[in-house]
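Residue 1 is where the sequence shown starts when you use full-length UniProt numbering, and the numbers rise one by one after that.
Please keep in mind that the hints were generated in silico from the structure rather than gathered at the bench. Among the hints, erroneous ones may be present.
[As the list claims (entries may be wrong)] Straight-line Cα separation of at most 20 Å, EDC-like style, residue types lysine to aspartate or glutamate; simulated pairs: (1) 120 - 45; (2) 120 - 162; (3) 120 - 171; (4) 120 - 131; (5) 120 - 57; (6) 120 - 25.
[What the hints assert, rightly or not] Label pairs and their calculated CB-CB ranges: (7) 56 - 123: 37 to 43 Å; (8) 205 - 126: 48 to 54 Å; (9) 9 - 217: 37 to 43 Å; (10) 203 - 19: 34 to 40 Å; (11) 29 - 255: 26 to 32 Å.
Beta carbons are placed, not taken as given, at the ideal position from N, Cα and C, and that holds for glycine.
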Amino acid sequence: MLIEGLHYLTTPVPRAQRTLGYLRESVLLMSRSRRCRAAWADHLDAARSAIRQSCADLDRRRTAVVLGSGLLDDVPLAHLAQCFERVILVDMVHLWPARWAAHRYANVALQVSDLSGCVKWLRGEGERCADPLSVFDRRDIDFVVSANCLSQLPILPLDWFESRNRPPPDELGHSIVAGHLEGLSRLQTRVCLIADTEQVTDNREGQLVERSDLLHGIVLPEPDRSWIWEIAPFGEVERHRRERHRVQAHLDWRP
Numbered sequence: 001m002l003i004e005g006l007h008y009l010t011t012p013v014p015r016a017q018r019t020l021g022y023l024r025e026s027v028l029l030m031s032r033s034r035r036c037r038a039a040w041a042d043h044l045d046a047a048r049s050a051i052r053q054s055c056a057d058l059d060r061r062r063t064a065v066v067l068g069s070g071l072l073d074d075v076p077l078a079h080l081a082q083c084f085e086r087v088i089l090v091d092m093v094h095l096w097p098a099r100w101a102a103h104r105y106a107n108v109a110l111q112v113s114d115l116s117g118c119v120k121w122l123r124g125e126g127e128r129c130a131d132p133l134s135v136f137d138r139r140d141i142d143f144v145v146s147a148n149c150l151s152q153l154p155i156l157p158l159d160w161f162e163s164r165n166r167p168p169p170d171e172l173g174h175s176i177v178a179g180h181l182e183g184l185s186r187l188q189t190r191v192c193l194i195a196d197t198e199q200v201t202d203n204r205e206g207q208l209v210e211r212s213d214l215l216h217g218i219v220l221p222e223p224d225r226s227w228i229w230e231i232a233p234f235g236e237v238e239r240h241r242r243e244r245h246r247v248q249a250h251l252d253w254r255p
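Construct the complete structure from the given sequences, taking the supplied hints into account.
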């Protein structure tokens, strides 16, 4: 709790990210990643391997962009920094461990960006951004990774309405997920999409307790790779239940 409090107090973050809960969720995720390091190891290795393979045959290696860079646990940062002239790590919050990791490389930069397109809208400062990824449609960008953020994008916008006992606009979650995929498809570059698509909860007897669609009705095409991420092993959320996510990797995203 002390470490969490220090990160909450000292992380440089715009006010909107703090008041809408993005800083809190980032700190909680960091704490879970430490507790579940062994359970997450295979997933993190698989994600890093998929990213390395996705960019292996690129002819031009000027700028790589990682969307949803987060804690950098699933990002082969050293590999990207070595292979590309510049690497841009994009997220709503960059906690200190990620900042320190990025600062080891002179060609790595941090960028704060609202990939959901909802922050200003929720703060009453305009409409939803129709294409938050348009800023990355640049000729000097040769590689873009969407790193396990697709299912995360709708969570806090939907929580904002729930916390105020207000119904969200129809299909808000669906439209946020669809908008991210459409934005990726418009980028004129190699795109690596890694996304968790489904949550399965089972008990110690192997019985299915609950199955949840994480992409709000959107079904991705057949992936190049897929695996299971044990995101909450037994004892993390409940003593006799665990939560696992099905993850897909698309090494050259095309819908």
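Against the structure, the hints come out as follows:
no.: 1; hint: 120 - 45; in the structure: 35 Å, violated
no.: 2; hint: 120 - 162; in the structure: 18 Å, holds
no.: 3; hint: 120 - 171; in the structure: 19 Å, holds
no.: 4; hint: 120 - 131; in the structure: 14 Å, holds
no.: 5; hint: 120 - 57; in the structure: 38 Å, violated
no.: 6; hint: 120 - 25; in the structure: 19 Å, holds
no.: 7; hint: 56 - 123: 37 to 43 Å; in the structure: 41 Å, holds
no.: 8; hint: 205 - 126: 48 to 54 Å; in the structure: 51 Å, holds
no.: 9; hint: 9 - 217: 37 to 43 Å; in the structure: 39 Å, holds
no.: 10; hint: 203 - 19: 34 to 40 Å; in the structure: 38 Å, holds
no.: 11; hint: 29 - 255: 26 to 32 Å; in the structure: 28 Å, holds
Checked against the numbered hints above, the structure breaks hints 1 and 5 and satisfies the rest.
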